[in-house]
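Q: Chains as they are written, first to last, in my numbering: chain Y, 1265 to 1911; chain C, 1265 to 1911; chain E, 1265 to 1911.
It is worth saying that the hints were derived from the structure and are not from the lab. Where hints are given, some of them may not hold.
Only part of the chain C face toward chain Y is listed, based on derived beta-carbon distances under 10 Å [said to hold, decoys possible]:
#1 Gln1357
#2 Leu1450
#3 Thr1451
#4 Val1463
#5 Asn1467
#6 Glu1680
#7 Gln1682
#8 Thr1754
#9 Ile1759
#10 Pro1761
#11 Ala1780
#12 Leu1782
#13 Arg1808
#14 Thr1820
#15 Asp1823
Below, computed lysine-lysine pairings styled on DSS-like, alpha-carbon distance capped at 30 Å [what the hints assert, rightly or not]:
#16 C/Lys1678 <-> Y/Lys1592
#17 Y/Lys1803 <-> E/Lys1592
#18 Y/Lys1903 <-> C/Lys1592
#19 Y/Lys1286 <-> C/Lys1775
#20 Y/Lys1775 <-> Y/Lys1484
#21 Y/Lys1803 <-> E/Lys1903
#22 C/Lys1803 <-> Y/Lys1592
#23 E/Lys1775 <-> C/Lys1592
#24 E/Lys1775 <-> C/Lys1286
#25 Y/Lys1903 <-> Y/Lys1592
#26 Y/Lys1592 <-> C/Lys1775
#27 Y/Lys1775 <-> E/Lys1286
#28 Y/Lys1678 <-> E/Lys1592
#29 C/Lys1285 <-> E/Lys1775
#30 E/Lys1285 <-> Y/Lys1775
#31 C/Lys1653 <-> Y/Lys1285
#32 C/Lys1649 <-> E/Lys1775
#33 C/Lys1653 <-> C/Lys1903
Just so you know, even glycine gets a beta-carbon here, dropped at the ideal spot from N, CA and C.
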Amino acid sequence: MLGVCYYPEHWPESWWPEDAKKMREVGISFVRIAEFAWSRIEPEAGRFAWAWLDRAIDTLHKHGLRVVMCTPTATPPKWLIEQFPGIVPLDEQGRARGFGSRRHYTFSSPDWLRESRRICEIVAQRYGAHPGVAGWQTDNEYGCHDTVMSYGRHDLEAFQGWLRQRYQTPQQLNEAWGNVFWSMELTDFAQVTLPNLTVTQANPAAALDFRRFSSEQVTKYDAMQAAIIRKYSPGRWVTHNFMGFFTEFDHFLLGDHLDFASWDSYPLGFVERSGLDEAERTRWAETSHPDIAPFHHDLYRGIAGNKFWVMEQQPGPVNWAPWNPVPKPGMVRIWSWEALAHGAEVVSYFRWRQVPFAQEQMHAGLNRPDRTLSVGGHEAMEVGKELFKLGVLAPSVQSSVALVYSYEAAWMTKLERQGQDFIYSDVAFRYYTALRRMGLNVDIVRPGASLKGYKAVVVPCLPYISPEAMSAFRETQAQILFGPRSGAKTHDFAISPQLPPGDLQALIALKVTQVASLRPGLTAAVAGHDASGREQAGKAWRWREWVETELQPQMTFQDGNGALFTQNNVSYLAFWPQDDLLQEVIRAHVIAAGVQTMDLPEHVRVRRRGKLTFAFNYGPESWNIPDTATLVLGEREIKPQQLSVWE
Amino acid sequence: MLGVCYYPEHWPESWWPEDAKKMREVGISFVRIAEFAWSRIEPEAGRFAWAWLDRAIDTLHKHGLRVVMCTPTATPPKWLIEQFPGIVPLDEQGRARGFGSRRHYTFSSPDWLRESRRICEIVAQRYGAHPGVAGWQTDNEYGCHDTVMSYGRHDLEAFQGWLRQRYQTPQQLNEAWGNVFWSMELTDFAQVTLPNLTVTQANPAAALDFRRFSSEQVTKYDAMQAAIIRKYSPGRWVTHNFMGFFTEFDHFLLGDHLDFASWDSYPLGFVERSGLDEAERTRWAETSHPDIAPFHHDLYRGIAGNKFWVMEQQPGPVNWAPWNPVPKPGMVRIWSWEALAHGAEVVSYFRWRQVPFAQEQMHAGLNRPDRTLSVGGHEAMEVGKELFKLGVLAPSVQSSVALVYSYEAAWMTKLERQGQDFIYSDVAFRYYTALRRMGLNVDIVRPGASLKGYKAVVVPCLPYISPEAMSAFRETQAQILFGPRSGAKTHDFAISPQLPPGDLQALIALKVTQVASLRPGLTAAVAGHDASGREQAGKAWRWREWVETELQPQMTFQDGNGALFTQNNVSYLAFWPQDDLLQEVIRAHVIAAGVQTMDLPEHVRVRRRGKLTFAFNYGPESWNIPDTATLVLGEREIKPQQLSVWE
Amino acid sequence: MLGVCYYPEHWPESWWPEDAKKMREVGISFVRIAEFAWSRIEPEAGRFAWAWLDRAIDTLHKHGLRVVMCTPTATPPKWLIEQFPGIVPLDEQGRARGFGSRRHYTFSSPDWLRESRRICEIVAQRYGAHPGVAGWQTDNEYGCHDTVMSYGRHDLEAFQGWLRQRYQTPQQLNEAWGNVFWSMELTDFAQVTLPNLTVTQANPAAALDFRRFSSEQVTKYDAMQAAIIRKYSPGRWVTHNFMGFFTEFDHFLLGDHLDFASWDSYPLGFVERSGLDEAERTRWAETSHPDIAPFHHDLYRGIAGNKFWVMEQQPGPVNWAPWNPVPKPGMVRIWSWEALAHGAEVVSYFRWRQVPFAQEQMHAGLNRPDRTLSVGGHEAMEVGKELFKLGVLAPSVQSSVALVYSYEAAWMTKLERQGQDFIYSDVAFRYYTALRRMGLNVDIVRPGASLKGYKAVVVPCLPYISPEAMSAFRETQAQILFGPRSGAKTHDFAISPQLPPGDLQALIALKVTQVASLRPGLTAAVAGHDASGREQAGKAWRWREWVETELQPQMTFQDGNGALFTQNNVSYLAFWPQDDLLQEVIRAHVIAAGVQTMDLPEHVRVRRRGKLTFAFNYGPESWNIPDTATLVLGEREIKPQQLSVWE
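Construct the entire structure; sequences and hints are all you get.
A: Shown next as C-alpha cells:
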C-alpha cells in the first residue's frame, strides 16, 4: 500500500479537503502527520491548541485515509528550551547545540524526559482512540545530525550511573577497561569523564561503553514513548522511522519494543553517504546504486515483525546531499516497487507537497509548490494502479541466505579503525551486493538470531562474538563465511585471549597472528580454486591478516600465506577482497551451500515475493527476463529504468 | 594618476623627505596614510601624539604630494580592548577573536561605536582642513578575515532590534521565515537566536536576514564615519577600499554614501581565491587570469560616481596566498594600465617600501627593504612616464553591455548551495569572461539600476527579483539573458509561489519545475542553433533545470527537454554551461543584440577608454593589433606581458 | 646491545620470571619500565605502593637484566587532576584537554611543577641506588600529541614573565616584534596575549617567541627532572626518548643536560608523517623509506655524548598511523642493524608483549598476546645472535660530511610558510637522502657546532644565522652549500636589513631581491655545469629566488637569472630542486669537496662503523657488494630485505 507525509499546519485549511481527495486519487491509504507540530499543538507552556489538528485528522479520516500519528518530540519549541536550557545537547567539542533547527535535546536531560512524557501522554490521550488513527510513529529519525551522543553534565551523570550499575566497583571498571595502561585508573565512579576532548585517543573500551550507554538511552527513551502510546492507543501499532547508513545506535535493540520498523529511503542522497568511490557515485548519481535501498529494506524487515514500512520515500530531487540530481524518469516507480518486492507493507512518500519555505524548500514532493502533481507524483500514481492490479502481496518468508549485521561491529571498527578506509557499513554493503548480483533474496539478521533454515550465511565482520551469536553459529548447518576481524575482540574491547578469531576457533581451527591495513595503492595478490576446481584470483586491499593453522588454505597470498580457509561448514576469509574477487568468493560460497543462483549484470536486480519475481533495471542497457517466465507486469525486454514482474 | 600607500610610522623620520622626493620621481601624486596608526596617534586613552603625524603630512605636502587620510579604526589598540572587552567579535564557533592582529571588533558593540566616533572626530577635526589632504579613506577593507558577521551578545541584541523594526510582531516574523516548519515559532523577539551552532542547518530565511542585518551594520558604521569626515573636512571626497571576490556585505548599498569606490587589487593572490580549477590556477599563476582584476574594476566603477581608484595595487609577490609567485616581468605595468583603461582615476600601489618586520614582511613594495626600487617600482615608474605621455584620460562612458551583479544573490546561493560547486562569484565571473573574450567593454550594475541604453544585458543568477529590478528589466530594450536560479525566490527566501522564475514569467512565459545539481563528472549534453542558424553544442554541468513552457527551445538537452528559451528580448538559460558552450551562448546573445564583437584568444584582452583602445597580452604568444589602428603606445605586435594602445 | 620496554603492571606477577628468562634468550640486556605507572605507584595522594615495583625490578635484576627506570610524569593520575585542575593544557582553540589518555599537563602550571618534583624525588630516592638500575629516562616523548604549547592562564603568565626577563621594557618588546605595524603596541607586559585565536595571523615575531618560550619550558622541566635523578642516582645516566619528524621544541638545547639522546623509531608509521608524496608512501609502505630511520639516528647521535639509543624500536605493525601495514619479513632486523650501524649503543624494542587492552592493543610486541614470540621477536633474536658474533662495535667517529639542522628554522618556516608545501623537515630530509644516495656517512649538527674537520657541509635552510653559527661557517674549510631562505631573517624574525642571505653576504657576495613560492605544477627550468664541466639540468619547484650579484652563476634559470653561485668554499642555491636535480647538485658539491662517493640505487644504503661497512637492501631487487670486500655477515648478493657486513 502507499502512504504519504503530510503537514496540514503548512497549508491553508481550505486546501485540506482537496489534498485528501487527491491523495485518494493517487492511491494513498496512509497519511503521517504532526511529528514537527509541537509549537502548534502547545504554543505556550500548558496552553494547547487542538482544534486545528482535530479538524485535520477528521478531514483525512472522512476521506477514507488512515492516519499515522506522531509524537512531536523531534522539535521541542523555543519556550521549552528557554524554560529548561539544560535540554540542549553538547557536541564533541563541548559546544551547546542551540535552538533553531531540530533534535536540540539530549536523551539524558531529566527535564527533557519529564517534558517528553508529558507531551506524549497528552497527545496519545487525545488521539489514541480516534478511529482514523491506524498507528503511531515515535519522534523522528533518532540520531539524525549526530544527536545520539551528547557531552554535557547530564550525559556524564547518566553515564556514571550506568557504569555504576554495570561494574559495581571502580576496580571492576578499571579491570574491564584496562585502565592500568596509562595510569587511567579510577577510584570512584564520579571520576569518570566522557571520552571527548582527551589529549589523544581515549580508551576504546571506555568509548565503546559510552556508545553502548548512548544507544541504550535512545532505546529507553523510545520505549518510554511506546509504553505511553500503548496505554492510550490500544490496538494501534507503534513504529519509528530509522535512517539509511546510520549505525550510531543499535536498531535491533530499539526494534525489540516496536511492532515493526520503518525507514526513510533516499536512494540518491545515500549515494553520496555511501562507501562508493567517486566513479561509482557518478555512475549511480541519477538512479542510485541498485543495492542501496534494498540493503536497508532487508535490514529493516529483520528488525521486528518480519515486515517494514518505508515511512519516507524520496519522490524526486532532495535538498540535503552535497549534490542533488533529479532521479531518472522511472526511478521513483522502481524504488517504490523495490521496497514492495522486499516485503514493505507500505511505501509512504515524503512529502505530499514541496513546501516553499524554510530548510527543506528544495525537497521535492508528490506535488509541486504550485499544487500540481510532480514527476514523482505521477510515478507514485502509476505504482498505485499497479499495486491494485497485483492485489495483496504475499507475506515475507525466510530467504536461503542470511547476512549477519551488527551495530556494535560498526562502533568497534570505528573506534579502532586501524586503517582509514575500514568502514563497517561499506564492508557489509559490498558483501550484500555480491550476494544480490547472484540473484538472491537476502535476510539481514542480528548476531544471535537463529540461523536455522539458512543454506548460506555471510558474516562480513563481527569483532565480538557474544554467547548468543556463538550458539547460533554452532547450531546452524548453513555454510558460514566469516570476514576478517571476526572474533577479534572480547566484550570489553580487548583482543581475544586465544587470539582472533577468539571463540570461533572452536568452529575453525586457526589463529590470526598479524593484521595489516593497506593504504590506497597497496594490494596483495591472492589466488586459489573454489570447491569445483574453478580458478579464483584477484587482489586483497585495505585489510589483510596472517593466519596460523594446520588447515589447508583454499586461496593463498602470493607470499605463500593462506587467505581463505574452510573447516566443515565454516570458512574464514583473511582479507578484504577487491569487488571482483569478493564476487568470486561469494559465488563459490553460496554455490557450495547448494543455493540456486543467477548471474546478473551490475545494473539489474531481481527479488522474489511469494510467487512473484520482480526484476529492476537501473540502466543503461536493456535486459531480458527468462524465457520461461509468465509475465505479470511490464515487458519481457526490460528497458532502462523499467521493471517487470513474472510468476 | 598614480598613488602609493605609505607608513611613516614604520620608518625613521629622517627617511621621510627622501621618500617623498623619490615618490615624485616615480610619478606618484597621492599618498595614503595612517589607517593602522591608532596606537601612535593615541598611545594611551585620551593622550594624543600628533606631532609626528603633523610632520609626516607636512613633509608629503611640501613635496607636492596629496594625502589620502584614513580613519584608524581597523586596528583598535590594546588599551582600548582592555577597557572595553566587549568590542571583540565572536566567531561562528562562539570563540572570542582576540587582540593581536587586526579587525578585532564587532560593528554592533555600543562601546565600539562610541569610541569609533570619538577617534574619527578627533582625527577629522585635526586634519580635515589641511591643504595637503585630498580626501579620505574610511577604516580598511571591511570584512577582511571574515569579520562582517559576529556572534556575540551585542550582535544578538542588535539583530533582535533590527527584526523588531522590520517585522513589528513575532507572528509576522514567523510567517516570513516559515517558522512553523520545525516548530521554530517564536512569541517574542527576545527569543530570537543567531543562526550559528544549531544542530543542523538554521532556517535560511533567518540566516539571510542575519546577513542583511550584518551588511547594514557595516554600511551604517561607514556612513557614521563618512558623516563625521564630511562635517570636518569639507570639499574632500570619501571612499573606502573594498576587496576582491568578497561578497559578505552589499557594496552597492555602502557605496551610496561614498564619492567613489576604491579597491585593493591583488591579481595573483586572487587566482588562488577564485573559482578557477587547478589547471587554470597553474596556467595563470604568474600573470593572473586576464579577467580577475578587470572584473573588479568594472564592478567598483559601477558603485559610485562612475569612477574608481585602485587603492592598493599589487607591486610584486605578496605574503598571504597559499602560494606567492613573483609576477612575470611586465605584469605590474599591465595591471596598472588595465585599471586605467577600465576607468581608474588613480592606481595606488601597496606599499611604498616592503617592511621587514611583522605580519606582512614578505609583501613586496615599490621599494625593497634596502631602499632600492624593486622590479615593481621600476614598472610603476614606467607607467608614470607613459601616463604623462598619454595625458588626461577620457571619463568613462556607458558600455553597450551590462552584467547584473547582486550581493544578495551571493548570500542566497551560499545559504542554499544545493550543489557544492555552485559559487555565485564564479558564475558571475565566467559570464563576464565570456563577454570579455568578445572584446567588449562591460558595465557591472546592481539589480534595479536602469538598463536603458544597453544593447545586451546578462544576469548570470538573480534568485530574488526586487520590484526595482523588475522595473529595470521591463523598461529596457536590451536583449536580456537570465541564467538559472533567476527569479527562483521571494524576498523572504521562499520559492516563488508561481514557481521560478517568479515575476520574470511576465517577461518570459515558462516555469521551472525541477532543478538538479550535478556532481563532478555528471553532465548533460545540450545542442541547438543560434539565431543565425549556426550549430551550438556542448555540455551542462553543475546545474540543470526542467522547464514547462509553450515556447520553442533554441537549445535542447539530449533527453528532449528545453535548455534555452527566448521570448521577445528576454532569454532564459536553464543550465550552467561548460566554458566553451557558455562562450557560444554569450556570443550568440550579444551578436543578436547588435553588439559589435571581436574574438580574442584566451590570453589577450582589449578595453576602450575614450578614443583609445588598450590591448593587453597575458602571454604566452604574441598578438597583432588590427592593421587599421593608429598606434599610440607599444608595438603593433604585442609580445607576451606587453600592452599597446591605439586610436 | 638490545633492550626492551616492559610493563610488569600489565601482566600477572607469575609471568614476570618467565618473561625475564625469555628476554635473556632473545638477547635482551636492558629493560625500560614504569613510565606510565604513576597510578600504581601512588594510587591515592600520598599513599605509595612500592612492593610490586620492588619485586619487578628485583626479578629483572636477578635475571641479569639492567633496568632503565623512568619518571612517571607522562600520565598524571586522575586524583591529581581532580586536586589541581589547572594542570591540564588548553589547546589552540582554547579547549581544556582533559584526562583520559596521556600528556594532560602544561609545563607552566606551578602545581604541576611542584607535583612533578615530588614524584620524581620519591621515585629517584627509592630506586636511584638500586644495583639493577642502569640509568634513567625522563617522562616519555615530550610534545607527543601536540603538547609543547598550551594556551591557558598559567602559560600566559609564564610567557609574560619570560618576555619581561628578555625585553626589560614594553618598548623594547614593541621594537623587537615590530608592533607598530598594526597598532599592536603594548605598554605593559601584562597586556601580552598568546598568539592563538587572533582574527588573522598573529605577529610572527610574537609567535616565534612563544615557541622559543614553550621550547625552553620543556627543557627547564626536563632539566629539573634530570637534576633530581642525578642527586639521588649517582653514576647513572639520564636520557629522554625523543620522537621522529618532530620539531616543536629544540632537542639540541634539551640534550645539553642529557648524557645521551634516545629516540623512538617507528619506520613504517613515519612514512605517513613524512613529506613523501602518495606514490612514494605506497612504494615504501612495508619497508619504510631507507633514510627515514637513519636520518633520525644521525640527528640524535649528534645531540649528546656522540652516541644514542633507540629506546623504542618498531617490532611489527603498529596502531597509530592512518594505515598500519605489516613490515616485510626481515625489516625488523634491518631497522635494528641500521640503528647499530649508525652508532646506536642499544636498540630497545617497544614492547615486550602486545597488550590486549586499551589504546595500543593493535601495537605489536616481540611477543604476541598469547605469549609466543612474534615475527619481530624472532628477528630481534637473530639480531641478538649476530651482535654476539660481531662483538663490540667501534665508537662513532666524525664523518666527512655534515648537515646543519635547526629547530628554529622549522619554526620560522612554519610561521612564515609563504608556500604551502615548504616543510622544513622535508627540505632537510631530501638533502639528507641525496647525500646518502652517494654512500656517505653523514653527521647532523646544530647551527653553531664546530664544522672543523668536515670536507663538505650542507645547510638545507637556515633563516636565522646566529653569531655562533656564523663563526662556525667562517672557521671551517669545508665546501658549504646553503639552500634557499638561509640568512633571510634576524633573530627577531625580521628580514635581514642588508637583504637575505644577511650576514652570509660576508661569505658569498649576493643579495636575494625577490622570492617566489610555486604552486604544484608550476616549475622553472634550470641548467648549468658542475665543476668538472658535466651538464646539469632539471627543474625548480616550490621555491625560487632572484639574486643580485656580480658572481658568475654555475646554474641559471631559463629566464637568465642565476640559480647556483659559489664564492671560495661557499655555495648558495637559489631554489628548491626536484629530487633528480638535487641529487646532481649534491653530487657535484661533495665531489668538489674531495669526498669519496659511491652511487647507490634508491633501495640500497650503506653505513660504515669502525672497520665495518653495513649494506641494507630495502628491496625489491638484489644488490651485490663490492668484489674487494671481505664478508663478515650475510651474502655477497644482498637479496631484498637482507643486509650484509664487510670489512
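Q: Are the hints correct? Go through all of them and say.
A: Cross-check of the supplied hints:
no.	hint	verdict
1	Gln1357	7 Å, holds
2	Leu1450	6 Å, holds
3	Thr1451	7 Å, holds
4	Val1463	5 Å, holds
5	Asn1467	5 Å, holds
6	Glu1680	7 Å, holds
7	Gln1682	6 Å, holds
8	Thr1754	8 Å, holds
9	Ile1759	4 Å, holds
10	Pro1761	7 Å, holds
11	Ala1780	4 Å, holds
12	Leu1782	6 Å, holds
13	Arg1808	8 Å, holds
14	Thr1820	16 Å, violated
15	Asp1823	8 Å, holds
16	C/Lys1678 <-> Y/Lys1592	27 Å, holds
17	Y/Lys1803 <-> E/Lys1592	18 Å, holds
18	Y/Lys1903 <-> C/Lys1592	58 Å, violated
19	Y/Lys1286 <-> C/Lys1775	23 Å, holds
20	Y/Lys1775 <-> Y/Lys1484	39 Å, violated
21	Y/Lys1803 <-> E/Lys1903	25 Å, holds
22	C/Lys1803 <-> Y/Lys1592	18 Å, holds
23	E/Lys1775 <-> C/Lys1592	20 Å, holds
24	E/Lys1775 <-> C/Lys1286	23 Å, holds
25	Y/Lys1903 <-> Y/Lys1592	13 Å, holds
26	Y/Lys1592 <-> C/Lys1775	20 Å, holds
27	Y/Lys1775 <-> E/Lys1286	23 Å, holds
28	Y/Lys1678 <-> E/Lys1592	27 Å, holds
29	C/Lys1285 <-> E/Lys1775	26 Å, holds
30	E/Lys1285 <-> Y/Lys1775	26 Å, holds
31	C/Lys1653 <-> Y/Lys1285	80 Å, violated
32	C/Lys1649 <-> E/Lys1775	29 Å, holds
33	C/Lys1653 <-> C/Lys1903	21 Å, holds
When held up to the earlier numbered hints, the structure conflicts with 14, 18, 20, 31 and fits the remainder.
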